[in-house]
Amino acid sequence: MDAVAFAWLSAGLGVGVTVFGVGTGIGRLAAAALEASSRQPENAGDIRTTMIIGAALIEGVALLAGVICILLAVKS
Amino acid sequence: MNSDSTHHEHDQQSADQHATEHGAAAGGHHESEPIEGGRVFTHLMEELGDHHELNIFFGHFDILPVILVDDGLHVYPNVAAMEAAGAYTLQHPDAHHKLVSTTKKDAAGHPATPSLDLSITNLVAYQFIAIVLVLGLFAAIRGRYTREPGAAPKGRLANMLESVVLYIRDEIVAPNVGTIKRANGLMPFVMSLFFFILVLNLIGLLPGAHAATGALGVTAALALSTFLVVQYIAIRDAGIGAWFHHLLGGAPIFLAPIMVPIEIVSLFTKPFALMIRLFANMTAGHIVLLSLVGLIFFFKSWLVTPVSVSFSVFIYLLELLVAFLQAYIFAMLTSVFVGLALGDHAHEEHH
Numbered sequence: 001m002d003a004v005a006f007a008w009l010s011a012g013l014g015v016g017v018t019v020f021g022v023g024t025g026i027g028r029l030a031a032a033a034l035e036a037s038s039r040q041p042e043n044a045g046d047i048r049t050t051m052i053i054g055a056a057l058i059e060g061v062a063l064l065a066g067v068i069c070i071l072l073a074v075k076s
Numbered sequence: 001m002n003s004d005s006t007h008h009e010h011d012q013q014s015a016d017q018h019a020t021e022h023g024a025a026a027g028g029h030h031e032s033e034p035i036e037g038g039r040v041f042t043h044l045m046e047e048l049g050d051h052h053e054l055n056i057f058f059g060h061f062d063i064l065p066v067i068l069v070d071d072g073l074h075v076y077p078n079v080a081a082m083e084a085a086g087a088y089t090l091q092h093p094d095a096h097h098k099l100v101s102t103t104k105k106d107a108a109g110h111p112a113t114p115s116l117d118l119s120i121t122n123l124v125a126y127q128f129i130a131i132v133l134v135l136g137l138f139a140a141i142r143g144r145y146t147r148e149p150g151a152a153p154k155g156r157l158a159n160m161l162e163s164v165v166l167y168i169r170d171e172i173v174a175p176n177v178g179t180i181k182r183a184n185g186l187m188p189f190v191m192s193l194f195f196f197i198l199v200l201n202l203i204g205l206l207p208g209a210h211a212a213t214g215a216l217g218v219t220a221a222l223a224l225s226t227f228l229v230v231q232y233i234a235i236r237d238a239g240i241g242a243w244f245h246h247l248l249g250g251a252p253i254f255l256a257p258i259m260v261p262i263e264i265v266s267l268f269t270k271p272f273a274l275m276i277r278l279f280a281n282m283t284a285g286h287i288v289l290l291s292l293v294g295l296i297f298f299f300k301s302w303l304v305t306p307v308s309v310s311f312s313v314f315i316y317l318l319e320l321l322v323a324f325l326q327a328y329i330f331a332m333l334t335s336v337f338v339g340l341a342l343g344d345h346a347h348e349e350h351h
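Here the protein sequences come in this chain order: A and B. Note that the numbering used here numbers the first sequence so that position 9 is 9, with each residue one more than the last. Note that the numbering used here numbers the second sequence so that position 44 is 44, with each residue one more than the last.
Warning: the hint list may mix true and false statements.
Which bits of chain B does chain A cover? Going by a derived footprint, with three or more residues having C-beta under 8 Å, they are [unchecked claim]:
1) 280 to 289
2) 330 to 336
Derived lysine to any residue pairs resembling SDA-like cross-links, with alpha carbons at most 25 Å apart [claimed, not checked]:
3) Lys270/B to Val17/A
4) Lys270/B to Gly23/A
5) Lys270/B to Gly54/A
6) Lys270/B to Arg48/A
7) Lys270/B to Ile53/A
8) Lys270/B to Ala30/A
9) Lys181/B to Ile53/A
10) Lys270/B to Ile58/A
11) Lys270/B to Arg28/A
Worth flagging that the hints you see were computed from the coordinates, not collected in a lab. Beta carbons: idealized from backbone N, C-alpha and C, even for Gly.
Pulled out of the complex, with its shape left as it was, chain B reads as follows:
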C-alpha cells in the first residue's frame, strides 16, 4: 500500500512537473517550483485564463502592454521591457492569483503585488481581435446595403451574414418582443452580443488560445450590459411608475413586504444565470479536454493515447456545437428578458 501510494504521488508529481513546464513556457522566463498535488487543477485553471502574453497556436508573443497602477501609473510595452525596467517581475501564479509582483515585500515577506493590474492580457487581446473581426466582416459587406437598400445579397460573405442576421431577427428577437419594428430596434444589441460571443467562443477553440467567455469577468460584463438594456427598455416602454408597480408582481398591495424582495432578487438572478451559464459552459469543455489529455500523464502509458485523443476530438466537436449554441442561447435569453420586460403582450399573463 505504501509503495503504491508513493508511486501515485510520483505520478502526480510528474504531472505537476509537466504542468509547471507548460506554465513556464506560457507564462514567462522563470524557473518555478513545482506545485503541490491537488493544486494542479486550480493552477491550470489560472493558466488557462489570463496571461501577459498573446498565444495562438504554438506561438507566444510578448507584445501585450503591461499597465500597472501602483503609486502612479506604470505602462510598459511588453513583459520583457517591464522586467528590464527592474521595478516589477513576472512571477508564476501562486496562491495570490497575481502574475506581476514588485521588488518590494509585503508584511509576510512575500513579494508584493501592484495595487491594480490593468494590463492588456491575452483575454483582453482576444476581445479586441473579436471586435475587429466582427466590425471588419460587417464593414466589408456594408457598401452594397447602403447603395441599394433592399437588394438581394451578393457574394458568399454577404449571403452568409445576411442569413444569420435574418435568422436572429425573425426567429430569435421578433417572436419574443412582438413585432418586427421592435425587433429592428433591439437588433443592434442582440446581434453585437451574438457575434461577439460567437467569435470569442471560436477563438477559444483555436489550439493555444483560450475563450475569453470562459472568464467570469467577461461574462459578467456581458450580463451586466444585458441587465442595463432590459431595465432601460422596461422603463422607457412603460414608465418608471409601472416599473415600480411591476415589483409587486401583480399581487395586492398588502403583500408588498413579501413580493418586493422576491421581485428584486429575480431582477438580478436572470443576468446572474446568464453570466454563470456562459462561463461554465465554456470552461466545462476545457476542463473535460484537460482531464482526458491528463489521463495520458496520469497513466504514463502510450496505450491510453488513442482513447484519450479520440474522446478529445469528440469533445472538441461538441465544444464547436456549444460555441454556437451558447451564443444563440445568450441572444435568445436576452430577447426573452426584453420581451418579459416589455410585458404588454402574451407574456404579461404569466407573472
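Here chain A stands alone, though its shape is the one from the complex:
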C-alpha cells in the first residue's frame, strides 16, 4: 500500500473509532440524565440543560477528530 492508501485507511478507521467513542460517551450521558430526571422529574429542565452542554462538549472533540479525518482523506 502506498501513502495515499494509508491516509484513506486511517481516515476511515479514525472516523469509526471517533464514532464509537462519542456514541458511548453521549449514550452514557443521556442514560444518566434520563435516570436522574426520572428520579427527580422536578429537576428535569436543569438536567437537560446540563446534559446538552456536556453533549456539546463531547461532540466538539468528536468533530475535531472528524475534521482531522477529513483532512487525512482530502490531502492525499
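Mind docking chain B on chain A? Use the hints.
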C-alpha cells in the same frame, strides 16, 4: 478486475463531470476541465463555499461587487463588468483555491491571483441579509416596547420574538451569570449571536444557498468576538490583577511554570472549540446530503433514488434541528464562559 476498475473510473469520471457542470453553472461562464478523481470532494467543498455570485433557490444573480487589491484597489460592480474590463477573469477553483485570476502569469506559468480578494462573495451577502433580517424583525416590534414598557406583547411576531428572548435570558444567560441584572447586561451580545447564527443556519437550508456558518472564517470571527467579550468582562469584573492571578488556576505560586501555560492554552481552547463545533456541525450535514445524493450518480440507477431522497429528507430535517441547536449551544456556551470568567459564584470552586 481490469474492466471493473475501468468501469468504476468511468463512473467517477461522470460524477466529476456532473460536478464540473454544476460548478460551471454556479461559478461562471467558463468551460472548465474535469477534475481528477479524488478531488471531487474537495472541489465540491470549495463550491459549497464562496462564490462570486449570489445564489438562492435556482437563481444565480451576478450582482455582487468584486473588490480586488492588486497594485491598488480595483472595484467592479459584478463579475461580468470585471471580465469586460479585461484585467481579471473568473476561473474555476483549482488547486490554488482562488476564483479570480489576473491576465499576468506567475513564475510557474499559471495565471496569477490578485494579492488580496476582498470581494463581497455570496457568504458575505448572506451575512448582510441576516443582519438586515434580524434588525428588521426587531425594529418591527420595537415601537410598542418603547411606548409602553412592560406591556404584554401584541401580535404574532412580537409574541414569538419575546418568548425566544425571554427564554434566552431566563434559561440560558441568567442561570450562568448569576443574576437577571447581569443577564440583562450580557443579553445584547448573546441575543445578537443567537439570532445571527440562527438566521445564517436557516439561510443555509434554503436550496442553492449555503450556510455562512459553515465557513471557518465566519465561525472564527464569531468565536473571536466571544473570546474578547469574555476576557473584557473578566477584567472589568475582577480587575487586571485578579485576571493574572487567575492564570495560576488556584495553585500555589511555585507551580506557576506549569499552571500558567496550561491556563493560557485553556483560554484559547474554548473559543477554538466553539469555532470548530459550529463549522463542523453546519458542514457535516451538507457533506452527508452530498454523499446521499451522490449515491445516485455513483450507482447510475434510478432505483437508488427513493432511498437517497428519503434519507436526504430525514437528514434535512435533522439539519433543521441542528440549525436551532447550534445557535442555542453557541449562545449557551458563551454565557457559560462568561459565568466562568465572572468566577464569583458557585463556578469558582470548580477550578
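- Of the numbered hints stated previously, which ones are contradicted by the structure, given in increasing order? none
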